[in-house]
Amino acid sequence: MDNLKLQNLTRGAKIRIGLLILALILPFFPFVTDYMLHIAILILLYMILALGLNIVPGFNGLLDLGYVGFYGIGAYTSGLLTYHFGLSYWVIIPLAFINGAIWGILLGAPTLRLTGDYFAIVTFGFSELVVLFLSNEIWLTRGPLGLPGIDVVSIDLSLFGGPKWEFVGELPYYYLAIVMVLVTVFVMYRIQDSRLGRAWFAIRDDEVAAVSCGVNLLGYKVIAFAISAAFGAVGGSFFARWVTFLSPDMFKFWESFLILCMIVLGGMGNIWGVMVGAMVLVSMSEVLREVLPLLGLPVEVRFLAFGLIMVLMMRYRPAGLMPIPAVAAKMRAGRVKRKKVKATVGMKQ
Amino acid sequence: MTPILEIKKLYKSFGGLLALNNISFNINKDEIIGLVGPNGAGKTTLFNCVAGIEKPTEGQIVFANGGRTISIGGRKPEAITALGIARTFQNIRLFDNLTVVDNVKIGRHCRTRSLFFGAVFRNKSQQAEEKAITESANHFLDFAGLKGRGEEIASSMPYGDQRRLEIARALATEPCLLMLDEPAAGMNPQESRDLMDLIHRIRDKGITVLLIEHDMKVVMGVCERVVVINHGEWLAEGEPRDVQNNPKVIEAYLGTGAAGAA
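For the record, the sequence lines run as chains A and B.
Numbered by the numbering used here, the letters in the first sequence go through residues 1 to 349 in order.
Numbered by the numbering used here, the letters in the second sequence go through residues 1 to 262 in order.
Note that these hints are calculated values from the structure, not bench results.
Just to be clear, a hint being listed does not mean it is correct.
With the Cβ distance kept under 10 Å, some of the chain A side facing chain B (calculated, not the full set) [as the list claims (entries may be wrong)]:
id	residue
1	11
2	12
3	13
4	14
5	43
6	191
7	227
Predicted model only: the values in this text are computed from it and were never measured.
All C-beta atoms, glycine included, are put in the ideal place defined by N, C-alpha and C.
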């Protein structure tokens, strides 16, 4: 992403810049309605969430089924701080990031010694715990009544004698979400190409060899979990200020699973793949929501459709739509065995 | 002859199985020492105990490096690597999905520091460190005879090259003691000769080498001293020629009344 010079850009980079420009001018096409913009924001939000989750299964090879817990924590952090203290969103972003990271460490430090499925079960339990907490601690969260009337995001320059803009409608949120996705992608790229990222990939590929190279397994897994949780919480903080209403059942388990599906669908460990996965699943969910009633089927049938897609993916493209380069190379060479793929997508013990 | 590693009365049991039974021997500085024995003798268990992957049941492992002597028995493997003991594995363990150069870069892990903030903000010290990591990774690749192969995917390399890469990765941790677990397994004669040359060059850099090997040509060709263990017990020790003719060793490999087995 560094040193962008137009003349020596690769084809991939040109496509990405093209897509970015398209995303930036999208709201000005005449056929784009508010509803479509709403879906576009949802896609961008899920991109942030999927990129955050990707750190754990994609970079570290650990199965995390409780990601939505951190999303919920971030959302309520943002909602409550706005509700009670009227904090500006620009202050809330770092606070949500830190709060997510703290909870990631609190959950990760004692439990990341567990391997494989056992760890997945713990994370699953955690996300249920968050929902129970949000529904029952009424003094703090108002429980099932939800948290209505959260202020919208605003840019307040009155401190410097300037005006105050409130975010009205979908358009400003759309651009805010684009900026947040860009920052997330930037951070992910930087990490991927650093000592920290390499240590994670080492853990993913072979824990015994990693430890023999001096990588402290528990320490790096906790860092991964904390950063992943922090991005989940930032996604949640955006969600709270965007929909301006929170209730505990927005953070049910199936959200975690949906985000995990995006990663598996797109290609675990591949930043662009994960974003494509988020785009495909969110837009498909919306299309199915329209199409299914026309066919006389209940809307919930779309979860069956997701299940079917996952089964087909596992059968025909087990490494996802855009696998990481090494896996893609192996696929091309036709030497990839099912066992091998399983190890690379991170379901290993 | 100062010892770099002293193994004192080492025991390791897995439930009822005594994998190591009162093993004691020294490894001297700057020597190439072989550890041999029939299959199941406990060689790899001994390696794992020294590297910290397994915890010894009893006994001491003392590592002497630069005037300090440290008991390393039962320490964490990453701490032992940081102290200066590196290893390779019997069944190659590379980071399959990474490039060759990234594999070696991970070997630099215990000698470098930057974390999340360095990665995201790329401050000056992180940039300098990253540059040094790349340079030394390439240096170790050259040393192991893998010059210019850095961008290949590790798992797509031929078997012999993967063995070399594992050695390069181990060297990148800047060890004083390098432990090689059957480095010549599955190599053809030419590759074995290159490997022997590489082991000599490693020793000439001032790194002590301990190797497990079944290929007697390699053992005879590089080792200055050999320790034989069998059924987890110390059996013999000495120069390769002497050990080769030791009746107890012949018995361990070929059974009593060796004529029938040969």
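Structure-based check of each hint:
1. 11: 18 Å, violated
2. 12: 17 Å, violated
3. 13: 18 Å, violated
4. 14: Given a least distance of 22 Å, the restraint on residue 14(A) is violated.
5. 43: Hint on residue 43(A): violated, closest Cβ of chain B at ~25 Å, above 10 Å.
6. 191: Holds - the Cβ of residue 191(A) comes within 10 Å of chain B, reaching about 5 Å at its closest.
7. 227: 7 Å, holds
In this structure, the earlier hints numbered 1, 2, 3, 4, 5 are contradicted, and the remaining ones agree with it.
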